[in-house]
Amino acid sequence: MFSPYSESSMTRRLFLVLLALLSDRLVNAADRLSFNRDIRPILSDACFQCHGPDDKQRKAGLRLDEKESALKPAESGAAAISPGNVETSELIKRLISDDDNLRMPPQGSGKTISPKQIELIKQWITEGAEYQGHWAFIPPVRPELPKVASAKPETLNPIDVFIRSRLEREGIAHAPEADKTTLIRRVSLDLTGLPPTPGEVDDFLKDRSPYAYEQVVDRLLKSPRYGERMAQQWLDFARYADSNGFQVDSSRYQWPWRDWVINAFNDNLPFDQFTIEQLAGDLLPNATRAQIVATGFNRNHRLNGEGGIIAEEWRVETVIDRVETTGMTWLGLTLNCCRCHDHKYDPITQRDFYQLFAFFNNVPESGTLQGESKNTDPVVAVPSDEQALLIAKLDREIKMAETRIADETKKLPEYIAAWEPSFKAKLADNRGTVWSPLQPTEVKSEAGATLTKLADGTYLASGENPAHDTYTIVARLPAGSFTGLLLECFPDESLPNKSLGRYPNGNFVLSRVEADVTTPGLAESLKAKFVKAEATYSQKGWEIGLVLDDVPSNGWAVDGPSRREATSAMFLIDGTMTVPENATITVRLKHDALGQHNIGRFRLSFTSLPPSTVKLDGAKFPEALKTILELAAKDRSAAQNAELETFFKANVDSPLKQADVALANLKKQQASVIASVPNVMVMQEGPLREGFVLIRGEYDKRGDKVIANLPSVFSSRPPDKPLNRLDLARWIVDPSNPLTGRVWMNRLWEKFFGTGLVKTSENLGSQSEFPSHPELLDWLAVEFTQGAKPWDMKSIQKLIVMSATYRQSSHRVRGGENSDPENRLLAYGPRFRLSAEMLRDQALFASGLLVEKLGGPSVRPYMPDGVWDETSRYGDLRGYKHDINEGLYRRTMYTIWKRTAAPPSMLLFDAPNREICTVKRSRTNTPLQALTLLNEVTYVEAARKLAERMLLEGGASPKDRLSLGFRWATSRRPTESELAVLTEGLNQDFSHMKTHPELAKQIVSNGESKANLSFDADELAAYALTANVLLNLDEVVTRE
Amino acid sequence: MIQDELNRRLFLRNSSLSVGTAALATLLASPGRANEVTPTGHVALPGFPNFTPKAKRIIYLFQSGAPSQMDLFDPKPMLESRRGENLPESIRQGQRLTTMTSGQANFPVAPTIFKFAQHGQSGMWMSELLPNMASIADEFCMIRTVKTEAINHDPAITFSQTGSQLAGRPSIGSWLSYGLGSENQDLPAYVVLTSFGSGRPDDQPLYDRLWGAGFLPSKHQGVKFRNKGDAVLYLSNPPGIDSVSRRGTLDRIAALNRQHYDQVGDPEIQTRIAQYEMAFRMQTSVPELLNVSNEPQSVLDMYGPDVKRPGSYAANCLLARRLAERDVRFVQLFHMGWDHHGGLPAAIRGQCRDTDQATAALIKDLKQRDLLKDTLIIWGGEFGRTIYSQGGITATDYGRDHHPRCYTMLLAGAGVKAGTTYGETDDYCYNTVRDPVHVHDLNATILHLLGIEHTKLTYRYQGRDFRLTDIHGEVIKGLLV
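So the protein lines, in turn, are chains A and B.
The first sequence runs 369 to 1408 under our numbering.
The second sequence runs 55 to 535 under our numbering.
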């Protein structure tokens, strides 16, 4: 995005040119050509679009990807390829024809083929035109170890045998082993995502044993940080985030799944099991809760909750997302082309795609979001140990409370006898109707709507319809008691859709009702605490009870678009409020949940009867009960006694009532614990949905019916029983699957060497690059899937990091540039920039700020103001406030992730936005990254804490202190000339700070952590500036 | 980085240049490059632009939420007599609706209540809501028949900006950054400016992906200037670090990095040294860009009173001109608040007040600086709106649901056939009668104006060559001079 970007450095530009000039790949001319390595990529690029697997696009009936078709006469009568005979091969004639109308690829197709490539095709035909299936679709066979002249194969790690023998053939020397400091820093960053401490470096340097390095590796693989490091990349694959994406992008809670992943890596769950549990853990016999949680993998997709969407359209998108993500993550295949048509390059048909679709099609889900701030079904609860204990304890207490109620019930007749006289007297006082209309002295809209009183005492809103209005109603309240409010809402011709609400569709959402009573004599108003609410009608998901909570984003709605009937709701307090003389009641009706969803026309009434006797329809005190009370106790029938007891129990304070309340409280407490138990969205098999080929991939254009099945290229036999997701998962990790092992080994290679053995690690289909070391990739895949420790993730990584290839120096070896400018043959070790997460983690680690704690809900570190709010007023993820304590300093993978406005400092360092599965990040080098590392508060605060560390732990001399800081940043000791630069800089900064003490004070106050006041601010600031230099060094942001 | 190189290499392989000498010539022909020690130049792909471009830069004035075409640009006077009548089934043809109105029993025709008149030499129709834009009607090429595929905001705006309804593809500006490189040494090639509208309190949100780089290297993503705090993230020195300290810091970083380069020999280190210097230059160039205090009062007056309020559409239009002057390739404004399902007449007045004067001012201002001739201006939203009213209709009030089948967009500036009204919709502004322009066609045409053959600007990802226009898109010659 800025001018001086790196990829066009002169050197790189030259590489590029040389590559183009020399040849398209590293082919040794003396070798016999291989179809897969040398020919298929050329044909795939230039020819397969029209002469490949897609039969709808096929021209002239010719397929060049299959031997039979290429060798038999095409529609023109000529055979494209005559093995051994270039002259009679129509393919060559057409490639070199002078006639623009005959020459292939056709003009205007955008495809070309170079003379060098034509020569290769000719050579291949001359050699007999031997075809091979696409290499990655052929199950790998463990290859023989090649010969190495310089060493006996048995003294080398098998990886090194493959690498060295290739280098020898090319006549390129390999680099020596990296120095020990570089090595421990490299392997620590690679395996745990964090650098070593200076102490760990010293221990390693001191340890002269031949096993020293191996012991470091073993220690790192056992560290819980290993699981975090591994999980980081998996989160990109799994499109994991804390929000639902799309328009609303509200919050969700998938972190229990994320923690499952970390634990699975740390427990070294074998990769086959790791796969099966995430894809189909719910279908395992006697599935454990953890195995069900694992299936959250395929619920991490986005969910659209935009108003007006067609649910089925988005459910289909969700299922397609699962197919694509699964295909990309495990098989390295890009299946998304097949959503609309047969694959143009790979032998995967559209029908195959929808057969895979059918595996993921049976989740009981609607396709849309279920609500804000919550997960969408199906979910599984994941209580912590404490929560599980608390729930059990409350269970016991509930049992005890029930016993007490039984005891008190026996005493009921005495309680009633004692109460009756006083109640009769009170009843005489309280005649009349239940609901008395309020006579407001003032009714106003806080946000500027007009509220007009109509003849029937209702108020009608008109004029402006503000985003979130509050109606305030003030009225006199007669002395006596107050127990509740009645809100009646009416339709009106003037309202949108002639309905009840002011939103364009006629709906409203009442988020809260508040009432307080004041009198001139009271210092503080009496707040009515409403505990019960009932309505004549509530919209699903917008129940009346939601008005009672403190959550502004929910509330009561009435299906205004489809229902236009008068609707009432009552709100009752717990017990009775005593109203003094000259009282005024102020009622506030709030509409904070959704914009412009304000009530259109309403009337308010109040009641003073005991809450339990009050009914929404205003029914009076039951006449039958009055009759009973008028009888003498001895004259009452059993039924009458029972009725009286029921009334007494519900309404009168007594030891029995207290016992009832105690039980209710316990149950409420338990319910709230249960409600606070986190849950996680998981896969579930609901009733079978019929599967169809969707024409052009459109949700409502159904073609042929399909059932779940594997792609025909991998399995020609029809299943003997219906297949389900578990079968799919098992097939993915079946040793006969040609892709899974290679894909995962290639990803690991990419992790440790910066580039995969197949560079296009996102795609191993026929458009992929041919592997730089095909035999090595196959050897690794076989070793991983069928070796001594099948699917053992830690073992295979240990094998890689123990290799001499991994351990060699990353200093450039002169001489290889011309034939291998990209260092694909690994004559020396690669260097590459750390990931966004590792950069921040490293700074926190070096400064001592890092808080290491595994898992848990996501945290909110520093983020510039407005990132969430500048482009959205939707959803609950707005108004970001950073945490104040440990949440600022946790590992970066725990940072809360809103997909439509992801953490900006992460995006600047090439993190994807997690909207879709991403298996590879770009690796750029930009000025905005420089600004981040220089100025972002995390790094500035880390610099100042690293400065404290230098002063506290670095000894007395500036040189020693600078050396310590340098070691925390780079792991190594500085050279004399480096120390000279740092020392001179420190002196300059120090004198500048002394003359500008106000600047020094500001520097040592950046960030939330407290500065160590025992240091002189000028000195501390000068060291902080030096630490800022250290944390920005190329060597620090790079893994060497 | 590596992926980028791979793609550039593939590009050479696929491009019509014969691989080898021609590529070498292209790369070495630019004067001065051969002697450079440190990398500069976020350069164009070899062979790009493919032909002489008409436009050097774009200012895309995106009106998010979808402005109502029949209230602004596409008058249907005959509908006055059909007010409140049901939309005929022969017009609706069973096309899908959003679930916001699909349950409505009736689809009452709601003719606009705003007056239309013809303007300029060309006699272009515009409504009374846009007096300033109407006063320069002859600068515009009006397309009345733009067509999209989505009916909900998120997929539609994503489609308009990336050529796909689903997340993951690069935005137009990213494609241009990748294909054409940067013309400027001190500023991003692709800048995004956003503003909230006054027309509707709950504006449709925007998403990072709308200026994201998708699968292109992330350096091609748009830089969204923020409306508060640092305009460019982390631009300012932290509290207590002044320019003296900062210069010292950068000198030491460079000195130490150079020492390390001598040991390691990785050219990436030199790139990093250059990027730190560029960062330092940006700390001057961006504030200088944003400082409008030296703009004459007459210019400020032209953009209207809002221009003084940072983050307003007017302020962003002025900033767009300043970015254009500095040869920033692609400036994208997003103005929110056009989603008028109900209470449209009041809300659209607010939106037009926000945007009409500043839009016209921007075009006039560019013209008086002789920049309009090589700047392409685009004005429009993600879809149109329905002729029928969502919810009830009164003499003065109505609302409109989403309508993807035909809507109006405006072009102006470089290479555009000004004073033309292109395409025709039916009597209900519901279907296209003549000259449809699909979003892919529009994007192909935009690329064409920048000298790019849209089928040639491709990127190899997942084994496939992707492009902005997918496998579609035709340059619409009728829009071009």
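If you are wondering where the hints come from, they were derived from the structure by calculation, not from laboratory data.
Incorrect hints may have been included.
[As the list claims (entries may be wrong)] For lysine-lysine, the following DSSO-like pairs were computed, each having C-alpha atoms within a straight-line distance of at most 30 Å:
| no. | chain 1 | residue 1 | chain 2 | residue 2 |
| --- | --- | --- | --- | --- |
| 1 | A | Lys479 | B | Lys510 |
| 2 | B | Lys510 | A | Lys461 |
| 3 | A | Lys866 | B | Lys169 |
| 4 | B | Lys510 | A | Lys484 |
| 5 | A | Lys1119 | A | Lys1069 |
| 6 | A | Lys761 | A | Lys1221 |
| 7 | A | Lys1017 | A | Lys895 |
| 8 | A | Lys778 | A | Lys484 |
| 9 | A | Lys1017 | A | Lys900 |
| 10 | A | Lys712 | B | Lys282 |
| 11 | A | Lys1069 | B | Lys201 |
| 12 | B | Lys169 | A | Lys712 |
| 13 | B | Lys108 | A | Lys479 |
| 14 | A | Lys1249 | B | Lys282 |
| 15 | A | Lys427 | B | Lys510 |
| 16 | B | Lys201 | B | Lys362 |
| 17 | B | Lys169 | A | Lys424 |
| 18 | A | Lys490 | A | Lys778 |
| 19 | A | Lys1378 | B | Lys282 |
| 20 | B | Lys427 | A | Lys424 |
[Unchecked claim] To give a feel for the contact side, a few chain A residues facing chain B, derived at Cβ under 8 Å:
| no. | residue |
| --- | --- |
| 21 | Asn672 |
| 22 | Gly676 |
| 23 | Tyr713 |
| 24 | Gln1135 |
| 25 | Glu1376 |
| 26 | Ser1377 |
A virtual CB, placed ideally from N, CA and C, is assigned to each residue, including glycine.
Quick rundown of the hints versus the structure:
no. : hint                     : in the structure
1   : A:Lys479 with B:Lys510   : 10 Å, holds
2   : B:Lys510 with A:Lys461   : 27 Å, holds
3   : A:Lys866 with B:Lys169   : 28 Å, holds
4   : B:Lys510 with A:Lys484   : 23 Å, holds
5   : A:Lys1119 with A:Lys1069 : 42 Å, violated
6   : A:Lys761 with A:Lys1221  : 28 Å, holds
7   : A:Lys1017 with A:Lys895  : 27 Å, holds
8   : A:Lys778 with A:Lys484   : 102 Å, violated
9   : A:Lys1017 with A:Lys900  : 18 Å, holds
10  : A:Lys712 with B:Lys282   : 48 Å, violated
11  : A:Lys1069 with B:Lys201  : 20 Å, holds
12  : B:Lys169 with A:Lys712   : 53 Å, violated
13  : B:Lys108 with A:Lys479   : 27 Å, holds
14  : A:Lys1249 with B:Lys282  : 16 Å, holds
15  : A:Lys427 with B:Lys510   : 22 Å, holds
16  : B:Lys201 with B:Lys362   : 36 Å, violated
17  : B:Lys169 with A:Lys424   : 52 Å, violated
18  : A:Lys490 with A:Lys778   : 103 Å, violated
19  : A:Lys1378 with B:Lys282  : 27 Å, holds
20  : B:Lys427 with A:Lys424   : 45 Å, violated
21  : Asn672                   : 7 Å, holds
22  : Gly676                   : 3 Å, holds
23  : Tyr713                   : 6 Å, holds
24  : Gln1135                  : 3 Å, holds
25  : Glu1376                  : 13 Å, violated
26  : Ser1377                  : 14 Å, violated
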